[in-house]
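Novice: Chains as they are written, first to last, in this note's numbering: chain U, 1 to 372; chain H, 1001 to 1156; chain L, 2001 to 2376; chain S, 3001 to 3157.
In short, the hints are calculated from the structure, not lab data. Given the structure is predicted, the values throughout are model-derived calculations rather than measurements. Idealized CB from N, CA, C, for every residue including glycine. It is possible that part of the hints are untrue.
As the list claims (entries may be wrong) - Listed next, the stretches of chain U that the computed footprint assigns to chain H, with coverage defined by at least 3 CB atoms under 8 Å from CB atoms of chain H:
1) 41-53
2) 172-183
3) 215-222
4) 227-240
To be verified - Here are the simulated lysine-lysine pairs, BS3-like style, with alpha carbons at most 27 Å apart:
5) Lys298/U with Lys1147/H
6) Lys248/U with Lys1030/H
7) Lys235/U with Lys1147/H
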Amino acid sequence: MSEPEIKPEVMRISWGPQHPMSGQTRILIDVDGEVVRRIIADIGFTHRGIEKILENRTFIQGIVPIERMVMADTANIALGYVQAVEEALGIEVPERAKWIRSLICEMGRINSHLYAFGLQVECTGYFPAVFLWTTVDREVLLDLFEKLTGARWSYSFFIPGGVRADLPEGFRDEVRRAVRYLRRRFQDYWDAMVENPLFEMRNRGVGVLSREDAIRLGATGPVLRGSGVDMDVRKDEPYAAYGDLDFKVITEKEGDCLARLKVRFHEIEQSLNIMEQIADEIPGGPVRTKVPLFPRSKPGVEALSRVETARGELGVHIFTDGGLKPYRVKINSPTLRNMYVFERLAELGRVLVADLPVILYSIDPWYLDCDR
Amino acid sequence: MQARSEEELVEELKREHSELLHDAIVHRSKRVSVIAKRERVLELARILRDQYGFTQPVSAGAVDYIKEGRMQMIYYLMNPKTRFMLMLRVDLPRDDPRMPSITEIWDAMNFHEREAWEMFGINFEGHPNLTHLLLPPDWRGGYPLRKDFRGEGIRP
Amino acid sequence: MMDVVTLIWLYILGLVRWLLHEAPAQVINFIMSLPTLIPELLKWLWDFIWFNFKPLLQIIVIPGLAFILLFAMIAVWFERKFLARAMLRIGPYYCGKRSGWLQVIADFLKLFFKEFVVPDDAEKALFLAAPVLLPTIPALAITLIPFDSNWVLFDAGGLSLPVFLAIAGLSPVIPIFAGWAANNKYTIIGSFRTAYLYVSGEIPLVICAAASALLAGSLDLVDIVEAQRPIWFAIPQFIGFLIFFIGLILEAERTPFDVPTAETELVIGWRTEFSGILFGFTMMAEYVSFLGWTLLFIVLYLGGYLGPSLFGVPLYDHIFWMLLKLAVIVVIIVLIRTVYPRLRLDQTLRLGWNYLMPLSILNLLMTLILKWGLMV
Amino acid sequence: MAERLTAPIYGVVDYLLTWARKFSIWPVHFVTGCCSPEFMQVSGSRFDMERLGVLPFASVRQCDCLMVVGVISRKMGERVKYLYEQMGEPKFVVSVGACPTGRGPFYDSYATVAIDDLVPVDVYIPGCPPRPEAIIHGLMLLQEKIRRECGFRAGKE
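Excised from the complex, chain U in its bound form (with noise of 0.2 Å):
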């Protein structure tokens, strides 16, 4: 990226891609003493062309890659490539699988939103006990994973079709004693963290984002619920088993950081809801529907799938041309589409130093998943 010009009375930080709290991307930012005059976002860091190698899978192996894109909420991003398959070839799913995968991307959402109100506490300053304790309580949902498919993070569970296996013995009954032991857990941070008065000193009121706002720069998901728009695509497009389940959408209207932690963390009761709902109601039946290894598609057809990750809205859209690989894959990704409201919000309010990696780490980015 070339740098544009620089202004003689500020001056030019460049933050990251070694930093602290930057993460894998490089922000730029023109400080005026404390106050941040412009914002400038340097993203690819990470980019490895995964729409391009896409192409050079089949649709199954396609899988792999595309998990790669949010570790932390795997589980969503690969329905949202098996939804667009499932559509673009044609394939049919039982009710069992559609419910386990909700299941499992209800625990992922948990797992990614634990991540993102770690690092924003984080952020806040060093306070590193509520972000450890984040890191104790996902490996309650780790060793669920675990149990289910094998791996950890990145377990390749849905397939074109259904879901590789079906639930274990007993368990229904561990989630529903992980949900009983994260509602415990989540009573203290919310102790630790809304109702501490250092905390909201640093997180109310800072980098608001109006309503109108929200919907002009494409913002998605907690960042756009936190601003009082009640876009949740669970709700619009019910996908998977979300149509028959019963949850709410959260929204806050204040539009600031706090808003938007509030928002994740009312998304994770709505979730735990949803994953004791799950394991109450889960109806009998196969799990998959058989399909070939090597699907073949039919030529000039096109899918969109659109699914709402812990980020917001992903959306896959598929092209094929007949043969046993996508002709292109398009992945919406949210993290972009945040990443720019981000760069704006220097221009829509006063924004200090200090108050950056609050408002970076509030609209959760994943990088990877903003470079693709």
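Given chain U, work out where chains H, L and S should sit, using these hints.
Specialist: Chains H, L and S alone, transformed into the frame defined by chain U:
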């Protein structure tokens, strides 16, 4: 004049703005495509945003149809009221991939157009900052997502 | 014939008789007298050292080098273990037998033998000098702290409080030099934040210290401690006590006021460019300055070395109480680090200027009135 | 010079030095790719790499271990090299995951590079992502390597 259903939207667009677009299609529920004329895409975009409520930009990307000698730029747009997803498609000839930048209507398309520029070589006229987004700034390897890209990434 | 053999036998018999009848009692007597003997022996030894090596002892052991280094090491180790516990972890474990107590020594040795990088654009002399000066200045200030009424390393002639404040007031200059010398944007911002912070934090501290001195009627730290024999100044000077506690965290750049070295914003502030042993010195400086301000806090408000007698020897008692109070304050400040996020620079400055400053002036006025009332 | 270094005192110094370096590995806060969440779990409660004295640190100047966590893109590759050059001796590189080691699932991508083209590596940890046990094992291998090779007499510096 908010359209109630996908078919009504398509019919209305075809009836009232036929000079701006080639075609309009309903794929399935909540998925609508509009194929715009390249020269007049800005007018159509403004109408879509102001009159039809497609205020939320989602994403944009292109497809390279090498056999037909064209590329198609696709803008994914969202109506936050009716929750329709509209794909605004623009066909570009492969030997002259150039179109007006849509950032003046939806400035959030900035990143996506930069990505399309570096991946497909589509030249967006009037884009504020058409520089490399994902690839390194000194990238000289060609346009990776074009079908005739011959760098790494193609199995021999 | 009373020959030699008989005499020898008699002697042996007498010896056996003594061993059987009298020796146990004497041995027991000796053992019983030991508890009184050992203190006497120690006292003799102590007097010997006292008159011969007192200055040397003060320089080397307490409050000298060994104390400062030991404090830095124990504090770092304790902080790491304590934070790890708060995070539900174990912390350093394998370095040293199952407790990681050698961890800090390992870190220090490693830093000592590591290459240090001097950046090309740095102001080299200043860049190398600043980290060495950094722990020196607060360490100088510590020499003024009384650990007993006659255990003061550096006698400032009855003016030890102002001298302490003057020396400690020098210390912010060094981070500014260090940040400027490194010629890096992060270090520059960090060092200017340090400057802001010291200005807003130090003035309330000085005013509070003045109020304490006023109440004691002396500028000498020993007199201030002695004046607290009836009651610790934490009670009559409660506002000053709180302000000084906040200001002490602020001066020592500890969470929640560690703005200049904010890890999430400015890498590690003005320390970013230091490597190897230079970084080790800056780390140590943080703890030394923390130690200095905490000791002053104890002297001004928590009765300094005063406390009930435990060992009989006043000096032991006094040093014991001083260390115990120090340990309690350190635990509280580390505890604060585990539960509070960092404030922003503007919030910190607002706290300093809008709340600490007027309150400290109020405190001074109240002390004046109290003193006037006592005199009248 | 070589004879002088065999004196017993150098053996003691050597032991102390390797011991200190072994238990004080400070990796940089630097992630290049998608193994980062697993890396975070390793620093978390169940696996806790601080037991070994591994303390992630903010600035590259103070660190002595570059943990390359995850895929390296072309754009990132320059930075990895640059960071390695910024570190003071002695320095170590650990390649975490299949991606830096051999480009992993992105083996045919136009935008990824393998770590061997950039910096010398001390320990490779396979897996996609590697399990925490594997990362801990890799760190212990690094410690073993430091003990054997990074003394005063080993000629590393």
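Novice: For each hint, tell me whether it holds in the structure or not.
Specialist: So, going through the hints one by one against the coordinates:
1. 41-53: Since three or more residues must qualify, the claim that chain H covers the stretch 41-53 of chain U holds, with 7 doing so at under 8 Å.
2. 172-183: With 0 residues in contact (Cβ-Cβ under 8 Å with chain H), the coverage given for the stretch 172-183 of chain U is violated.
3. 215-222: holds (count 5)
4. 227-240: holds (count 4)
5. Lys298/U with Lys1147/H: holds (19 Å)
6. Lys248/U with Lys1030/H: holds (21 Å)
7. Lys235/U with Lys1147/H: violated (37 Å)
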